[in-house]
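Visitor: Here is what each chain is made of, one letter per residue.
There are 4 protein chains.
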Amino acid sequence: MSEREAARAVGGPDPDGTARAVGGPGVGGTARATSGPDAGGTAAADWWATAVSRIEPDVIELRGQPVQDLIGRIGFAEMIWLMLRGERPDPRRAALLEAALVSSVDHGPHAPSIAVARMAATCGVGLNNAVATGVNLLGDVHGGAGEQCVRLLEEVVAGSRGPGGDTGGDPGDVRTDPGGGDAGSGPGGEAAAVVARWRARDRYLPGFGHRFHSRDPRRDPLLGLVAEAAEDGVVAGAHLRAALEIERLIAPVPMNIDGATAVVYAELGFPAPLARGLFVLSRSVGILAHAWEESGQGRRNKGPIPPSILPTWI
Amino acid sequence: MSEREAARAVGGPDPDGTARAVGGPGVGGTARATSGPDAGGTAAADWWATAVSRIEPDVIELRGQPVQDLIGRIGFAEMIWLMLRGERPDPRRAALLEAALVSSVDHGPHAPSIAVARMAATCGVGLNNAVATGVNLLGDVHGGAGEQCVRLLEEVVAGSRGPGGDTGGDPGDVRTDPGGGDAGSGPGGEAAAVVARWRARDRYLPGFGHRFHSRDPRRDPLLGLVAEAAEDGVVAGAHLRAALEIERLIAPVPMNIDGATAVVYAELGFPAPLARGLFVLSRSVGILAHAWEESGQGRRNKGPIPPSILPTWI
Amino acid sequence: MSEREAARAVGGPDPDGTARAVGGPGVGGTARATSGPDAGGTAAADWWATAVSRIEPDVIELRGQPVQDLIGRIGFAEMIWLMLRGERPDPRRAALLEAALVSSVDHGPHAPSIAVARMAATCGVGLNNAVATGVNLLGDVHGGAGEQCVRLLEEVVAGSRGPGGDTGGDPGDVRTDPGGGDAGSGPGGEAAAVVARWRARDRYLPGFGHRFHSRDPRRDPLLGLVAEAAEDGVVAGAHLRAALEIERLIAPVPMNIDGATAVVYAELGFPAPLARGLFVLSRSVGILAHAWEESGQGRRNKGPIPPSILPTWI
Amino acid sequence: MSEREAARAVGGPDPDGTARAVGGPGVGGTARATSGPDAGGTAAADWWATAVSRIEPDVIELRGQPVQDLIGRIGFAEMIWLMLRGERPDPRRAALLEAALVSSVDHGPHAPSIAVARMAATCGVGLNNAVATGVNLLGDVHGGAGEQCVRLLEEVVAGSRGPGGDTGGDPGDVRTDPGGGDAGSGPGGEAAAVVARWRARDRYLPGFGHRFHSRDPRRDPLLGLVAEAAEDGVVAGAHLRAALEIERLIAPVPMNIDGATAVVYAELGFPAPLARGLFVLSRSVGILAHAWEESGQGRRNKGPIPPSILPTWI
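Chains as they are written, first to last, in this note's numbering: chain A, 102 to 415; chain B, 102 to 415; chain C, 102 to 415; chain D, 102 to 415.
For the record, the hints were derived by calculation from the structure and aren't laboratory data. Note that the structure is predicted; figures quoted are calculated from it, not measured. Quick reminder that beta carbons are idealized off the backbone N, C-alpha and C, glycines included. Where hints are given, some of them may not hold.
Pulled a few chain B residues facing chain D out of the computed Cβ check, cut under 8 Å [unchecked claim]:
| no. | residue |
| --- | --- |
| 1 | Ala-146 |
| 2 | Trp-149 |
| 3 | Ala-150 |
| 4 | Val-226 |
| 5 | Asn-230 |
| 6 | Val-335 |
| 7 | Ser-396 |
| 8 | Gly-397 |
| 9 | Arg-401 |
| 10 | Pro-405 |
| 11 | Ile-415 |
Pairwise CB distance ranges, derived in the manner of DEER restraints [as the list claims (entries may be wrong)]:
| no. | chain 1 | residue 1 | chain 2 | residue 2 | range |
| --- | --- | --- | --- | --- | --- |
| 12 | D | Arg-316 | B | Arg-262 | 45 to 55 Å |
| 13 | D | Pro-353 | A | Pro-408 | 14 to 24 Å |
| 14 | D | Gly-165 | A | Pro-138 | 25 to 35 Å |
| 15 | A | Ala-352 | B | Gly-370 | 28 to 38 Å |
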């Protein structure tokens, strides 16, 4: 093969960050001429092309909407939806998003995202740096389970679709009956197969189990809201049914907060990675509250344990 | 002096983070015995004392409220207020907070907080790491002006208080008359003195001026909402008057987004540093939206300019 | 199964960070009693058990060595080796590590790790925050290739071992003959098989190809040093032979800096993830140099492109 | 004043990061034409102008030196000097830098920079993210004292200069006599005045005192190396004398690691902010070592204290 083709084939991950995928301004965008007068300026403008916002002198449009038409006329949760999805949600769906965002704001200093932000707040960095420090820890293991659980639920739902696209089933009463409802049709058999596949890969089933709470107090209220919305036809209910079926299969292990919020985000149509993004926005609130509280407590360079306790020497 | 007293006097900033201020569990808290059985465990528990949340098996209380009583019953902006202030706001005040949070979510890729998050999203790190990268840049110069402007406004208001605590004055029409209203009493003279003091220290007057917009489209809607709230007695209006007076004094330089949001946060009683904290929560939304968009555009290791443009060698 | 066994089985990724693996003080450590007097203090001490350093009043031991015996008596690269590996390297091996660390310090503002740090330096955050911002981008795609390439080379070497553990082969002249040497025995056949397996999984072969340099000026000097060390018996040379064989198989695609440093780190026995860790230490130098330079250039809130160029609206 | 002048006067901190200082390619650089053909490309190239490195296809020059001439021919500490200062140091001065870098690599899990990195390593983020998390905490209070101490020493030295620039004095024996030597001339009177000014501003005197060590084991070896270098005329010794004089004035409070390294960096001519930058490079080693160790210990979502200890509820 020619050298150019060979380079394409094993392009490599580009260690020094100097190569980029050929592209126009963005997905579906038209590449403008990058030769001719001011080709460099055009290339630079296209390099930073975006559909999220348009900012020009005296103009701020967010997802196509002038910002002055949004201030005072849209809630913060709705705004989050607009910025991520490109359109405004109806009030019932926005309310579900809002409930999920409220549910995940904090879990106290045992959560490393909270603890590190508190410690940062005593080290003479800005409050934004303390918050960023906490958010940086919301990785695959601490916050990533919601994303994984959305994928899990989507697998069950995708496999459950009958010829008419109907996933069937009645979720039952999610508050008193963890696995209630008619599972004869719908996600029943598919859930078992998917669970088996996931457990073969990794002993963790994202969204289920919790080593701190035997029954997470956030589960019932969240799932209750989803069930109501499903009854009213605001959401389809398929992901809820899938989650309840999994919970029944693995009983007595309960669904946890990642699972409950995954149900909400999946029902609302958010792609799996945004389950983590939304958890980030939610948890940032608790991270900020804790960093702020710590900054008023007078400690300097706060470590994880009091100075009277010395780490064990191995 | 004794060695101990000497050490106290020049304690130093504790380079290796092994000394802490003597303290009990927290502001106003009672220090429990740190001797006796399990003194270490008690010390460690007190080390992480907090009033923000109480987390125990099957219990999650946020600022004293069981989380299951909040889910679906409180908005996200109200929740932010509750977590930061320890109590729920009334709906009119919550609406002002919500408007301010909505106003600051994004300003496009020219904003370094947005650009770095987009770049991070192409480097094979998690979405949370991309968001954290952006938030980390919201420092004294990029996001810090709101905090500084709150202090500026508080100085004017504090100096304007007459014997009865009345700051007087009528803000006039904030949309058409930048400095309207009766400035004979109230903040007039005080504003001029404060502005002179601030300008003597630093040529930047936080909250005013903008090199991109001649008139920021976010100013009028935000100030209009504050003016309405002041008319309805929801907020006092003193910080609004102060800001308008400053704007009149330095005309034709307009108030910018930091100034307008500072007016909101100050009227709502948030301490100055939380103006930055709230800007962090707001801007995180745009940072996430941009990082998410970039992650779908196929670039790898995206630098600031296209590879066709080589940095100038000095 | 019992509830406890069920909880173990699907323990989940522990969304709120309150569960931990049962463990004693650390690998190979002995769990001390966590009941009895001051069980909490002991538990907290064990929670932070480490073999890296022992710090007590007036005592600092790093990997068992008193710090006062190291200052002025050990080089920085040797110190890095000691801290990561637990023992001091011989001078020849230390020299190889030093060469690799020197090679990767910088690749200019096109590298996102460099650009974001420069931008951070204009936002009013500390120099440490600017450096952290850059380091945060050294993820799987920008810096992760070295780690992946070490794994690739280890696969070839492991498969090449004959009954006597001999990987055979003579690397030839690495500077003029990219794939020279006797490949009849040794890694030849194994390399082809491994390359085929890796290409089936992902089109990127880590460590090879570069969209910016047709021949990376860092490759020859690094590989030359490894070849000399192999001739002198300082390193085995097996990973070098494997890399050269791969390069010959995929010619004309050259080995890049990730590949060359991977050869060094693998020959020196560093586990694959530390290839990324060492790249972090190296690139931190360039990140700091650039952040420092930018901080002296007077810009505020520097975005990725000059304000005269507006991002394209999609 | 005109609107433009008014805008200049109160330009503000540029909330949205869209204005920049007018500038050419960099300090002392010549602004190239930003009109005419490809003005945008030229502007973008100048926007990222740098003297640190020049990177073009098949060319990598670091501070003007081809990288292939550096690999294997320069030590890592020397490389750090070259990248930061733009020229290579002589071996004696490089050795001092190396000693200071070695001295600060770690101080165990009590140091928040170490603890947060260990916690991050259990949260499913990359090793680079764990290191970045730790580095992000090296702020004004945890790592910033070295920078402050350099400024303190520079103030004493600047005030001590007699007409001939001679700061006089003989440091004495730094190991056994903390404040020995002839302080009659030299920094004596100036030190007292400077100390008084600093203590009036802030109770902390950066570089002195330590709440963990009564005598930091790193002080004597570092200062001993500087004293030898001063005797041999490798460094002037003025900052060492100043530090010893301060230590004598505030006895029995000892110099700590920030003070000792500040002496080294100041003697070597590093600007104060780079004292923090160099501490960042040094401490990154310990941060990496700890993050790496933790990643092998099997914990997930490690919080600051074991789950058996619940934070105190205030």
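Visitor: Each hint should be assessed against the structure and marked as holding or not.
Guide: Each hint tested on the structure:
1. Ala-146: Ala-146/B check passes; min Cβ-Cβ to chain D is 5 Å, inside 8 Å.
2. Trp-149: 4 Å, holds
3. Ala-150: 4 Å, holds
4. Val-226: With Cβ-Cβ at 6 Å, under 8 Å, it holds.
5. Asn-230: Given a least distance of 5 Å, the restraint on Asn-230/B holds.
6. Val-335: 26 Å, violated
7. Ser-396: With Cβ-Cβ at 16 Å, over 8 Å, it is violated.
8. Gly-397: 21 Å, violated
9. Arg-401: Status violated, d = 16 Å.
10. Pro-405: 6 Å, holds
11. Ile-415: Given a least distance of 4 Å, the restraint on Ile-415/B holds.
12. Arg-316/D - Arg-262/B: 45 to 55 Å: Holds, since Arg-316/D and Arg-262/B (Cβ atoms, about 53 Å apart) stay within the stated range.
13. Pro-353/D - Pro-408/A: 14 to 24 Å: For Pro-353/D and Pro-408/A the Cβ distance comes to about 21 Å; the hint holds.
14. Gly-165/D - Pro-138/A: 25 to 35 Å: 34 Å, holds
15. Ala-352/A - Gly-370/B: 28 to 38 Å: 49 Å, violated
Violated hints, listed in ascending order, are 6, 7, 8, 9 and 15; each of the other numbered hints is respected by the structure.
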